[in-house]
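Novice: Sequence:
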Amino acid sequence: MMARPRAYLEQILQSLDRIASYAADGSRAFFESPLLQDGIVHNLELIGASVKELPADLLAGYPDIPWSSIARMRDRLAHHYLGLDLELVWEVVGHDLPPLKDAVVAMLRTMGQVPE
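The sequence shown runs 76 to 191 under my numbering.
I should point out that these hints are in silico values taken from the structure, not numbers from a laboratory.
Possibly wrong hints are sitting among the right ones.
As the list claims (entries may be wrong) - If you anchor each label on the Cβ, the simulated ranges turn out as follows:
no.	residue 1	residue 2	range
1	Gly187	Ser102	31 to 41 Å
2	Arg81	Pro141	19 to 29 Å
3	Ser108	Thr185	34 to 44 Å
4	Glu85	Pro138	33 to 43 Å
5	Asp139	Ala82	19 to 29 Å
Where is the CB? At the ideal position from N, CA and C, for every residue including glycine.
Turn these sequences into a full structure, and let the hints steer you where they fit.
Specialist: Here it is, written out as structure tokens:
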């Protein structure tokens, strides 16, 4: 497999780890801190942009992950910041990102990469 998909997967994993770090103090800290909000939103945008670059056949191996929704969320975050729903962002962080991380780690393992 090409190095390029691996680079995008590594970017996604890095963004997921950063989001986990930023969200570690819980929802109250998130809702009270524009800095945390910006950091999480930025990394969600990076995830969405990277997902758009992954080949469809790779994504097809993980049908339980809503790949198109992830890509669309990037567009919504990037282009509609004034109408940003922070409740939805926090829900994504808590519910949607853990299975995404599992899928990305599995993909990297199939490429011979073992994430730390």
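Novice: Taking 19 to 29 Å as the stated bounds, is the beta-carbon spacing between Arg81 and Pro141 within them?
Specialist: holds, 22 Å
Novice: If I claimed the Cβ atoms of Glu85 and Pro138 lie 33 to 43 Å apart, would that claim hold in this structure?
Specialist: violated, 22 Å
Novice: Taking 31 to 41 Å as the stated bounds, is the beta-carbon spacing between Gly187 and Ser102 within them?
Specialist: Cβ of Gly187 to Cβ of Ser102: about 38 Å, so the range 31 to 41 Å holds.
Novice: Given the hint of 34 to 44 Å, check if Ser108 and Thr185 actually sit that far apart at their C-beta atoms.
Specialist: Holds, at about 37 Å.
Novice: Take a look at whether the Cβ-Cβ distance between Asp139 and Ala82 falls inside 19 to 29 Å.
Specialist: For Ala82 against Asp139, whose Cβ atoms are near 24 Å apart, the range 19 to 29 Å holds.
Violated hints amount to a single one, hint 4; each of the other numbered hints is respected by the structure.
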